[in-house]
Amino acid sequence: MLYIKCTKDYLEYFEEDSKYPDFFKKLVFGYRKFFGKVTRIKNDYGEIVLLPEKTKKFKKSLMKFLNIYCVKTLVLAKNLEDFREDIQKANIKILDGKWLYKYLLYDVVNFVAGNKTESLKEQTISFAVNNPEEIDLENLKRLARNCKSMNLITKDEYRFKRLEELMYKEEGVALNIAYNYKKSFLKSDIVINIDLSEKEFNKFALPRKAIVINLKDVKIHSKGFNGINILKYEIDFPKQYENEILNLDSFNKEILYESYIYRRTAPKNILDKIKKDGLKLARLLGKNGYIDEKEYQRV
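First residue of the sequence shown? That's 10 in the working numbering, and the numbers climb one at a time after it.
The hints are simulated quantities; they were obtained by calculation from the structure and are not laboratory data.
Just so you know, even glycine gets a beta-carbon here, dropped at the ideal spot from N, CA and C.
Fair warning: there could be bad hints in the mix.
Ranges of calculated distance between the beta carbons of each label pair, as one might list FRET restraints [stated by the list, open to error]:
hint, residue 1, residue 2, range
1, 225, 54, 27 to 33 Å
2, 218, 90, 32 to 38 Å
3, 90, 174, 20 to 26 Å
4, 285, 174, 31 to 37 Å
5, 274, 254, 22 to 28 Å
6, 69, 167, 47 to 53 Å
7, 158, 123, 18 to 24 Å
8, 284, 180, 19 to 25 Å
9, 258, 225, 54 to 60 Å
10, 294, 171, 33 to 39 Å
11, 191, 119, 25 to 31 Å
12, 54, 297, 30 to 36 Å
13, 254, 226, 28 to 34 Å
Turn these sequences into a full structure, and let the hints steer you where they fit.
Here it is in C-alpha coordinates:
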(Lines of atoms letter the chains of each structure in order from A and count residues from 1; the text may use other names and numbers.)
(Lines give C-alpha, C1' and ligand atoms only; values in the text may rest on other atoms or scores of the structure.)
Protein backbone atom coordinates (compact mmCIF):
# COMPACT_ATOMS: atom_id res chain seq x y z
CA MET A 1 0.00 0.00 0.00
CA LEU A 2 1.17 3.54 -0.74
CA TYR A 3 0.73 6.32 1.83
CA ILE A 4 1.01 10.03 0.99
CA LYS A 5 1.95 12.35 3.83
CA CYS A 6 2.99 15.98 4.23
CA THR A 7 5.46 16.71 7.03
CA LYS A 8 8.06 19.36 7.78
CA ASP A 9 9.89 17.14 10.26
CA TYR A 10 13.14 16.46 8.41
CA LEU A 11 13.89 13.45 10.63
CA GLU A 12 10.96 11.55 9.09
CA TYR A 13 12.77 11.57 5.74
CA PHE A 14 15.40 9.16 7.02
CA GLU A 15 15.40 5.69 8.52
CA GLU A 16 15.38 5.58 12.33
CA ASP A 17 18.77 3.87 12.39
CA SER A 18 20.30 6.32 9.90
CA LYS A 19 23.86 7.25 10.96
CA TYR A 20 23.99 10.47 8.93
CA PRO A 21 24.80 13.51 11.10
CA ASP A 22 21.98 15.93 11.84
CA PHE A 23 23.39 18.77 9.71
CA PHE A 24 23.56 16.44 6.68
CA LYS A 25 19.92 15.39 7.14
CA LYS A 26 18.87 19.04 7.23
CA LEU A 27 20.92 19.74 4.12
CA VAL A 28 19.34 16.88 2.15
CA PHE A 29 15.88 17.89 3.34
CA GLY A 30 16.48 21.49 2.24
CA TYR A 31 17.75 20.35 -1.16
CA ARG A 32 14.70 18.16 -1.85
CA LYS A 33 12.38 20.89 -0.64
CA PHE A 34 13.97 23.54 -2.85
CA PHE A 35 13.84 21.42 -6.00
CA GLY A 36 10.35 20.02 -5.31
CA LYS A 37 11.37 16.39 -4.99
CA VAL A 38 9.15 13.91 -3.15
CA THR A 39 10.78 11.35 -0.87
CA ARG A 40 9.91 7.67 -0.86
CA ILE A 41 10.64 5.50 2.17
CA LYS A 42 9.68 1.94 3.02
CA ASN A 43 7.60 0.84 5.99
CA ASP A 44 6.34 -2.47 7.36
CA TYR A 45 2.94 -1.74 5.79
CA GLY A 46 4.08 -0.47 2.40
CA GLU A 47 5.72 2.64 0.99
CA ILE A 48 5.36 6.23 2.16
CA VAL A 49 5.75 9.28 -0.05
CA LEU A 50 6.68 12.38 1.96
CA LEU A 51 6.09 15.97 0.88
CA PRO A 52 7.44 18.94 2.87
CA GLU A 53 4.85 21.38 1.49
CA LYS A 54 1.33 21.43 0.00
CA THR A 55 2.23 23.50 -3.03
CA LYS A 56 1.59 23.19 -6.77
CA LYS A 57 5.25 22.28 -7.20
CA PHE A 58 4.94 19.23 -4.96
CA LYS A 59 1.53 18.32 -6.34
CA LYS A 60 3.11 18.17 -9.80
CA SER A 61 5.99 16.02 -8.49
CA LEU A 62 3.58 13.70 -6.73
CA MET A 63 1.39 13.23 -9.82
CA LYS A 64 4.49 12.47 -11.87
CA PHE A 65 5.56 9.87 -9.30
CA LEU A 66 2.11 8.23 -9.27
CA ASN A 67 2.11 8.05 -13.06
CA ILE A 68 5.63 6.60 -13.35
CA TYR A 69 4.94 3.86 -10.82
CA CYS A 70 1.40 3.17 -12.11
CA VAL A 71 -0.14 3.55 -8.65
CA LYS A 72 -3.71 2.24 -8.49
CA THR A 73 -4.60 2.62 -4.80
CA LEU A 74 -3.33 4.85 -2.02
CA VAL A 75 -4.01 6.40 1.37
CA LEU A 76 -4.04 10.18 1.66
CA ALA A 77 -3.13 12.03 4.87
CA LYS A 78 -5.71 14.35 6.42
CA ASN A 79 -3.78 17.50 5.53
CA LEU A 80 -3.60 16.63 1.81
CA GLU A 81 -7.30 16.75 0.96
CA ASP A 82 -6.56 19.54 -1.54
CA PHE A 83 -4.79 16.92 -3.66
CA ARG A 84 -7.75 14.52 -3.75
CA GLU A 85 -9.43 15.83 -6.89
CA ASP A 86 -6.28 15.66 -9.02
CA ILE A 87 -5.47 12.15 -7.83
CA GLN A 88 -8.99 10.89 -8.53
CA LYS A 89 -8.93 12.43 -11.99
CA ALA A 90 -5.94 10.17 -12.68
CA ASN A 91 -8.22 7.15 -11.95
CA ILE A 92 -6.39 6.32 -8.74
CA LYS A 93 -8.45 4.92 -5.87
CA ILE A 94 -8.12 6.75 -2.55
CA LEU A 95 -9.22 4.60 0.37
CA ASP A 96 -12.06 6.24 2.31
CA GLY A 97 -13.21 3.67 4.87
CA LYS A 98 -16.28 2.57 2.87
CA TRP A 99 -14.77 -0.83 2.07
CA LEU A 100 -14.26 -1.52 5.77
CA TYR A 101 -17.76 -0.21 6.54
CA LYS A 102 -19.23 -3.18 4.67
CA TYR A 103 -17.15 -5.65 6.64
CA LEU A 104 -18.32 -4.04 9.88
CA LEU A 105 -21.99 -3.91 8.90
CA TYR A 106 -23.08 -6.87 11.05
CA ASP A 107 -21.32 -5.27 14.04
CA VAL A 108 -22.96 -1.91 13.25
CA VAL A 109 -26.44 -3.49 13.31
CA ASN A 110 -25.68 -5.22 16.61
CA PHE A 111 -24.29 -1.95 17.98
CA VAL A 112 -27.55 -0.20 17.05
CA ALA A 113 -29.72 -2.93 18.58
CA GLY A 114 -27.64 -2.92 21.76
CA ASN A 115 -27.97 0.84 22.15
CA LYS A 116 -31.72 0.45 21.76
CA THR A 117 -31.43 -2.06 24.66
CA GLU A 118 -32.79 -4.72 22.32
CA SER A 119 -31.35 -7.77 20.57
CA LEU A 120 -30.81 -8.42 16.87
CA LYS A 121 -33.50 -11.13 17.04
CA GLU A 122 -36.08 -8.42 17.78
CA GLN A 123 -35.29 -6.36 14.68
CA THR A 124 -37.17 -6.22 11.39
CA ILE A 125 -34.57 -5.21 8.81
CA SER A 126 -34.91 -3.88 5.28
CA PHE A 127 -31.80 -4.44 3.16
CA ALA A 128 -31.69 -2.30 -0.01
CA VAL A 129 -29.27 -3.33 -2.75
CA ASN A 130 -29.28 -3.50 -6.55
CA ASN A 131 -25.73 -4.54 -7.45
CA PRO A 132 -24.40 -6.67 -4.58
CA GLU A 133 -20.77 -7.54 -4.01
CA GLU A 134 -19.80 -10.81 -2.37
CA ILE A 135 -19.61 -9.19 1.08
CA ASP A 136 -23.12 -7.74 0.63
CA LEU A 137 -24.52 -11.22 0.07
CA GLU A 138 -22.60 -12.49 3.09
CA ASN A 139 -24.03 -9.69 5.24
CA LEU A 140 -27.53 -10.29 3.92
CA LYS A 141 -27.42 -13.99 4.78
CA ARG A 142 -25.85 -13.46 8.18
CA LEU A 143 -28.37 -10.81 9.20
CA ALA A 144 -31.33 -12.79 7.82
CA ARG A 145 -30.34 -15.80 9.94
CA ASN A 146 -30.26 -13.75 13.12
CA CYS A 147 -32.91 -11.03 12.89
CA LYS A 148 -36.68 -11.22 13.37
CA SER A 149 -37.46 -10.78 9.67
CA MET A 150 -35.60 -9.61 6.57
CA ASN A 151 -36.99 -7.55 3.70
CA LEU A 152 -34.79 -7.48 0.61
CA ILE A 153 -35.38 -4.33 -1.43
CA THR A 154 -34.08 -4.68 -4.98
CA LYS A 155 -34.98 -3.99 -8.59
CA ASP A 156 -33.31 -7.21 -9.67
CA GLU A 157 -35.50 -9.84 -8.01
CA TYR A 158 -34.33 -12.52 -10.45
CA ARG A 159 -30.71 -12.23 -9.24
CA PHE A 160 -31.76 -13.11 -5.69
CA LYS A 161 -34.36 -15.75 -6.47
CA ARG A 162 -31.90 -18.64 -6.16
CA LEU A 163 -30.59 -17.31 -2.85
CA GLU A 164 -34.13 -16.91 -1.56
CA GLU A 165 -34.98 -20.52 -2.42
CA LEU A 166 -31.76 -21.94 -0.95
CA MET A 167 -32.03 -20.09 2.35
CA TYR A 168 -35.63 -21.17 2.84
CA LYS A 169 -35.02 -24.78 1.81
CA GLU A 170 -31.77 -25.33 3.74
CA GLU A 171 -32.21 -23.04 6.74
CA GLY A 172 -35.89 -22.17 6.92
CA VAL A 173 -35.01 -18.47 6.58
CA ALA A 174 -37.39 -16.33 4.53
CA LEU A 175 -36.34 -13.35 2.43
CA ASN A 176 -39.24 -11.03 1.63
CA ILE A 177 -38.21 -9.62 -1.75
CA ALA A 178 -39.98 -6.44 -2.89
CA TYR A 179 -39.48 -3.03 -4.47
CA ASN A 180 -42.43 -0.86 -3.49
CA TYR A 181 -41.87 2.84 -2.85
CA LYS A 182 -44.86 3.14 -0.52
CA LYS A 183 -44.64 -0.07 1.50
CA SER A 184 -41.20 -1.74 1.40
CA PHE A 185 -39.63 0.12 4.35
CA LEU A 186 -42.69 0.94 6.43
CA LYS A 187 -42.55 -1.89 8.99
CA SER A 188 -38.78 -1.75 9.44
CA ASP A 189 -36.89 -1.13 12.66
CA ILE A 190 -33.60 -0.82 10.78
CA VAL A 191 -33.15 0.15 7.12
CA ILE A 192 -29.80 -0.64 5.45
CA ASN A 193 -28.94 1.12 2.21
CA ILE A 194 -26.08 -0.57 0.37
CA ASP A 195 -26.01 1.17 -3.01
CA LEU A 196 -29.20 3.11 -3.72
CA SER A 197 -28.49 6.68 -4.80
CA GLU A 198 -29.86 9.61 -2.83
CA LYS A 199 -32.52 10.23 -5.49
CA GLU A 200 -33.63 6.59 -5.59
CA PHE A 201 -33.56 6.09 -1.82
CA ASN A 202 -35.72 9.15 -1.19
CA LYS A 203 -38.51 7.78 -3.37
CA PHE A 204 -39.28 5.29 -0.58
CA ALA A 205 -41.57 6.11 2.34
CA LEU A 206 -39.70 5.68 5.61
CA PRO A 207 -41.03 4.85 9.08
CA ARG A 208 -41.03 8.07 11.08
CA LYS A 209 -38.60 6.74 13.71
CA ALA A 210 -36.59 4.11 11.86
CA ILE A 211 -32.83 3.83 12.12
CA VAL A 212 -31.17 4.04 8.70
CA ILE A 213 -27.67 2.68 8.13
CA ASN A 214 -26.38 4.32 4.95
CA LEU A 215 -23.30 2.95 3.25
CA LYS A 216 -23.78 5.73 0.70
CA ASP A 217 -23.59 9.42 1.62
CA VAL A 218 -27.35 9.87 1.39
CA LYS A 219 -29.31 12.76 2.85
CA ILE A 220 -32.89 11.95 3.84
CA HIS A 221 -35.31 14.53 2.44
CA SER A 222 -38.53 13.44 4.15
CA LYS A 223 -39.74 16.18 6.51
CA GLY A 224 -41.66 13.62 8.55
CA PHE A 225 -38.59 11.50 9.24
CA ASN A 226 -37.59 11.76 12.91
CA GLY A 227 -35.27 8.77 13.15
CA ILE A 228 -31.51 8.36 12.83
CA ASN A 229 -29.47 8.39 9.62
CA ILE A 230 -26.11 6.68 10.28
CA LEU A 231 -23.48 7.69 7.74
CA LYS A 232 -20.10 6.91 9.34
CA TYR A 233 -18.43 4.92 12.07
CA GLU A 234 -15.40 5.13 14.33
CA ILE A 235 -13.27 2.29 15.64
CA ASP A 236 -10.97 1.72 18.57
CA PHE A 237 -7.67 1.49 16.71
CA PRO A 238 -5.85 -1.79 17.50
CA LYS A 239 -2.68 -1.06 19.46
CA GLN A 240 -0.68 -3.65 17.53
CA TYR A 241 -0.93 -1.43 14.44
CA GLU A 242 0.24 1.80 16.05
CA ASN A 243 3.11 3.24 14.03
CA GLU A 244 5.26 6.32 14.55
CA ILE A 245 5.30 7.61 10.99
CA LEU A 246 1.81 6.42 10.00
CA ASN A 247 0.34 8.05 13.10
CA LEU A 248 -3.29 8.85 13.88
CA ASP A 249 -2.57 12.59 13.88
CA SER A 250 -1.73 12.41 10.18
CA PHE A 251 -4.20 9.76 8.98
CA ASN A 252 -7.82 8.86 9.62
CA LYS A 253 -7.71 5.77 11.85
CA GLU A 254 -10.57 3.96 10.06
CA ILE A 255 -8.91 4.46 6.68
CA LEU A 256 -5.53 3.51 8.10
CA TYR A 257 -6.84 0.22 9.49
CA GLU A 258 -8.68 -0.43 6.23
CA SER A 259 -5.39 -0.07 4.35
CA TYR A 260 -3.72 -2.70 6.56
CA ILE A 261 -6.27 -5.41 5.74
CA TYR A 262 -7.33 -4.28 2.24
CA ARG A 263 -6.92 -7.10 -0.28
CA ARG A 264 -8.81 -9.19 -2.83
CA THR A 265 -9.86 -12.35 -1.03
CA ALA A 266 -12.97 -14.15 0.18
CA PRO A 267 -15.06 -12.11 2.67
CA LYS A 268 -14.56 -14.82 5.29
CA ASN A 269 -10.81 -14.18 5.31
CA ILE A 270 -11.30 -10.46 5.94
CA LEU A 271 -13.93 -11.09 8.62
CA ASP A 272 -11.62 -13.59 10.32
CA LYS A 273 -8.80 -11.04 10.26
CA ILE A 274 -10.99 -8.36 11.83
CA LYS A 275 -12.06 -10.80 14.53
CA LYS A 276 -8.47 -11.87 15.20
CA ASP A 277 -7.43 -8.23 15.53
CA GLY A 278 -10.16 -7.72 18.13
CA LEU A 279 -11.48 -4.66 16.29
CA LYS A 280 -14.25 -2.83 18.13
CA LEU A 281 -16.70 -0.13 17.07
CA ALA A 282 -16.36 3.01 19.18
CA ARG A 283 -19.32 5.07 17.96
CA LEU A 284 -21.53 5.85 14.99
CA LEU A 285 -22.02 9.21 13.33
CA GLY A 286 -24.78 11.04 11.48
CA LYS A 287 -24.69 14.32 9.57
CA ASN A 288 -24.39 16.28 12.85
CA GLY A 289 -21.63 14.14 14.36
CA TYR A 290 -21.68 11.51 17.10
CA ILE A 291 -24.98 9.81 17.83
CA ASP A 292 -25.74 9.82 21.54
CA GLU A 293 -26.99 6.65 23.25
CA LYS A 294 -30.21 8.45 24.21
CA GLU A 295 -30.98 8.99 20.52
CA TYR A 296 -31.17 5.24 19.87
CA GLN A 297 -33.55 4.77 22.76
CA ARG A 298 -35.68 7.71 21.61
CA VAL A 299 -36.53 5.95 18.37
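Quick one: are residue 158 and residue 123 within 18 to 24 Å, going by C-beta?
About 19 Å separates the Cβ atoms of residue 158 and residue 123, which means 18 to 24 Å holds.
Cβ distance range 19 to 25 Å for residue 284 and residue 180, holds or violated
22 Å, holds
Please test the hint of 31 to 37 Å on the beta carbon pair from residue 285 and residue 174.
34 Å, holds
Is the distance from the Cβ of residue 90 to the Cβ of residue 174 consistent with 20 to 26 Å?
Cβ of residue 90 to Cβ of residue 174: about 47 Å, so the range 20 to 26 Å is violated.
Supplied distance hint 54 to 60 Å, evaluated on CB atoms of residue 258 and residue 225
29 Å, violated
Starting from the range 27 to 33 Å, see whether the pair residue 225 and residue 54 falls in it by beta-carbon distance.
28 Å, holds
With respect to the beta-carbon atoms only, verify the hint that residue 191 and residue 119 lie 25 to 31 Å apart.
Once the Cβ atoms are compared, 30 Å apart, the range 25 to 31 Å for residue 119 and residue 191 holds.
May I ask you to test the hint 32 to 38 Å on the CB atoms belonging to residue 218 and residue 90?
35 Å, holds
Please test the hint of 22 to 28 Å on the beta carbon pair from residue 274 and residue 254.
Check passed, 27 Å falls within 22 to 28 Å.
Please test the hint of 33 to 39 Å on the beta carbon pair from residue 294 and residue 171.
Once the Cβ atoms are compared, 36 Å apart, the range 33 to 39 Å for residue 171 and residue 294 holds.
Per the hint of 28 to 34 Å, is the separation of the Cβ atoms of residue 254 and residue 226 within bounds?
30 Å, holds
State, for the Cβ atoms of residue 54 and residue 297, whether the hinted interval 30 to 36 Å holds or is violated.
33 Å, holds
Of the hints listed earlier, those the structure fails to meet are numbers 3 and 9, in rising order.
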